[in-house]
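Trainee: With the hints as extra help, turn the sequences into a complete structure.
Just so you know, the protein sequences line up as chains A and B, in that order.
All residue numbers for the first sequence refer to our numbering, where the first residue is 1 and numbers rise by one.
All residue numbers for the second sequence refer to our numbering, where the first residue is 1 and numbers rise by one.
The hints are simulated quantities; they were obtained by calculation from the structure and are not laboratory data.
All residues carry an ideal CB built from backbone N, CA and C; glycine is no exception.
It is possible that some hints are incorrect.
Said to hold, decoys possible - Example chain A residues on the side facing chain B (calculated, C-beta under 10 Å, incomplete):
no., residue
1, R83
2, A205
3, A217
4, P220
5, A265
6, N269
Residue strings, one per chain:
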Amino acid sequence: MNMKVNIAGVELDNPVMTASGTFGSGEEYSDFVDLNKIGAVVTKGVSNVPWSGNPTPRIAETYGGMLNAIGLQNPGVDLFIERDIPYLKKFNCKVVVNVCGKTSADYCEVVERLSDEAVDLLEINISCPNVKEGGIAFGQSAKSVEDITKEIKKHSKQPVIMKLSPNVTDISEMARAAESGGADAISLINTLTGMKIDIHKKTFALANRTGGLSGPAIKPVAVRMVYEAANAVKLPVIGMGGIVNAEDAIEFILAGASAVSVGTANFMNPTATVDVIEGIKEYMSKYNLDNINDLVGMVK
Amino acid sequence: MKGKYKQNAVVIRQEEIANDVYSLWVRADKVAREASAGQFVALYSRDGSRILPRPISICEIDETDSAIHLVYRVAGKGTSEFSKFRSGRHIEVMGPLGNGFPIKDKKAFIIGGGIGIPPMLQLAKQLKCDKQIILGYRDNQIFLADKFRKHGEQFIATEDGSVGTKGNVIDAIRENKLNADIIYACGPAPMLKAIKAYGEENQIETWISIEERMACGVGACLGCVCESKDKDPHSNVNNKRICKDGPVFLAQEVEI
Numbered sequence: 001m002n003m004k005v006n007i008a009g010v011e012l013d014n015p016v017m018t019a020s021g022t023f024g025s026g027e028e029y030s031d032f033v034d035l036n037k038i039g040a041v042v043t044k045g046v047s048n049v050p051w052s053g054n055p056t057p058r059i060a061e062t063y064g065g066m067l068n069a070i071g072l073q074n075p076g077v078d079l080f081i082e083r084d085i086p087y088l089k090k091f092n093c094k095v096v097v098n099v100c101g102k103t104s105a106d107y108c109e110v111v112e113r114l115s116d117e118a119v120d121l122l123e124i125n126i127s128c129p130n131v132k133e134g135g136i137a138f139g140q141s142a143k144s145v146e147d148i149t150k151e152i153k154k155h156s157k158q159p160v161i162m163k164l165s166p167n168v169t170d171i172s173e174m175a176r177a178a179e180s181g182g183a184d185a186i187s188l189i190n191t192l193t194g195m196k197i198d199i200h201k202k203t204f205a206l207a208n209r210t211g212g213l214s215g216p217a218i219k220p221v222a223v224r225m226v227y228e229a230a231n232a233v234k235l236p237v238i239g240m241g242g243i244v245n246a247e248d249a250i251e252f253i254l255a256g257a258s259a260v261s262v263g264t265a266n267f268m269n270p271t272a273t274v275d276v277i278e279g280i281k282e283y284m285s286k287y288n289l290d291n292i293n294d295l296v297g298m299v300k
Numbered sequence: 001m002k003g004k005y006k007q008n009a010v011v012i013r014q015e016e017i018a019n020d021v022y023s024l025w026v027r028a029d030k031v032a033r034e035a036s037a038g039q040f041v042a043l044y045s046r047d048g049s050r051i052l053p054r055p056i057s058i059c060e061i062d063e064t065d066s067a068i069h070l071v072y073r074v075a076g077k078g079t080s081e082f083s084k085f086r087s088g089r090h091i092e093v094m095g096p097l098g099n100g101f102p103i104k105d106k107k108a109f110i111i112g113g114g115i116g117i118p119p120m121l122q123l124a125k126q127l128k129c130d131k132q133i134i135l136g137y138r139d140n141q142i143f144l145a146d147k148f149r150k151h152g153e154q155f156i157a158t159e160d161g162s163v164g165t166k167g168n169v170i171d172a173i174r175e176n177k178l179n180a181d182i183i184y185a186c187g188p189a190p191m192l193k194a195i196k197a198y199g200e201e202n203q204i205e206t207w208i209s210i211e212e213r214m215a216c217g218v219g220a221c222l223g224c225v226c227e228s229k230d231k232d233p234h235s236n237v238n239n240k241r242i243c244k245d246g247p248v249f250l251a252q253e254v255e256i
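Mentor: Below is the structure:
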């Protein structure tokens, strides 16, 4: 049975990745998961300098999901290169570094700093809804998606995945803009902007007021957007949004995703990533399928 | 570095010990074997609408019975679901999580306020020093005090004055003219602020256990941070992760 998939020239042992921000740089989940078994670990977003993130509360549970407004807290690219990359290189999983910034120049600075490091792929976060500058601001107009993709491609050595926001009118337009800008792959969806109000305290549940909705509640929206994006471009698509088990992952693959990311499900079950991988294998055995790639985009 | 596990556990027994406060014993061999005072576990809901595990402090550890004792207050739908667990029920638990209290041999205050009282019981059992136990409640809904009594001299404060000192735990300390060389405390944020100030004023080593909304429980998501006085070596900013670097901190290290 072939579980290997190819994303922009990088071969993953299997199509299951982690979603940025839900898995740290892997170390925190190593008590539960053998990182060698995961297709790729996608790190928490990293910026040119350390970011403190938003005030607390940063987390609120919602029906079948959760809101977060972490605000991209991260230690900055220098400490990340010194500590997190060497840690991840001890394992067979591919290393995808999620990159964030306030300005185009910030993104390019991080991308350049990573260019000679043992990083397999870059994922560019132009879709975080929880920071005032950068993030989603780059991801909500086709022109800015194309422009920043072009700019990053000038500075990057590794293949570039543009991570798209679902908080747009037409996702296929954004996917095409990333493709025109020279992206090597796209990933989607980031979280949906949401809000929760604490009716007892009569205030916002999150200090940031709004946050990004993730978890099983958003899966149908994500499957639809992955389907639309995959049919709009020739690029490989990494699908995510509410994947909890193998059945969810297979939906995304049938909709057109070449690989999938498990995010919030890690909080629901620390072994979610490896459980999804095993479940996909069982599904393939059940239907006598010998190549995972045959499933990609099978549902038209 | 001790291990963390997610394991199936069995409810041994559960009872309500004060209004909305439940005492739950579960058999969870791996967690019980590794746990120490001040650590916590994450309990999972079976209802798919509630996706996040609930962090609950460990009240007691019974290694010979492979059991842990959890005492929690019903605060929402998740804990309400837990309160209906009966003996024999299988549940999922992850732990032990976080860093517990350091065990030192100094004349100690063990201070608990409200639902911050439970984790202090295992500490009271583990500490072999001279102990003064100060427990703060809202009213006459007193819980666990009988269990603490055999581990040291006990003082109670209630906000409404129905039992012991009228006021808070600091009022009880002052009224009884108590003194100590180390403070261990868990309770609501205003109480911990007052204890931190008391410790600074009297130059007493002070350890506090704090809480925050959590998601992963293992230090990955950065949801439950608190501001730290100095730059934290892991985060590289003035933030510490409560679930992983805490929940117990030296009071002077955190801004609360």
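Trainee: Taking the hints in turn, state whether each one holds.
Mentor: Consistency of the hints with the structure:
| no. | hint | in the structure |
| --- | --- | --- |
| 1 | R83 | 9 Å, holds |
| 2 | A205 | 9 Å, holds |
| 3 | A217 | 9 Å, holds |
| 4 | P220 | 15 Å, violated |
| 5 | A265 | 8 Å, holds |
| 6 | N269 | 7 Å, holds |
Of the numbered hints stated above, the single one contradicted by the structure is hint 4.
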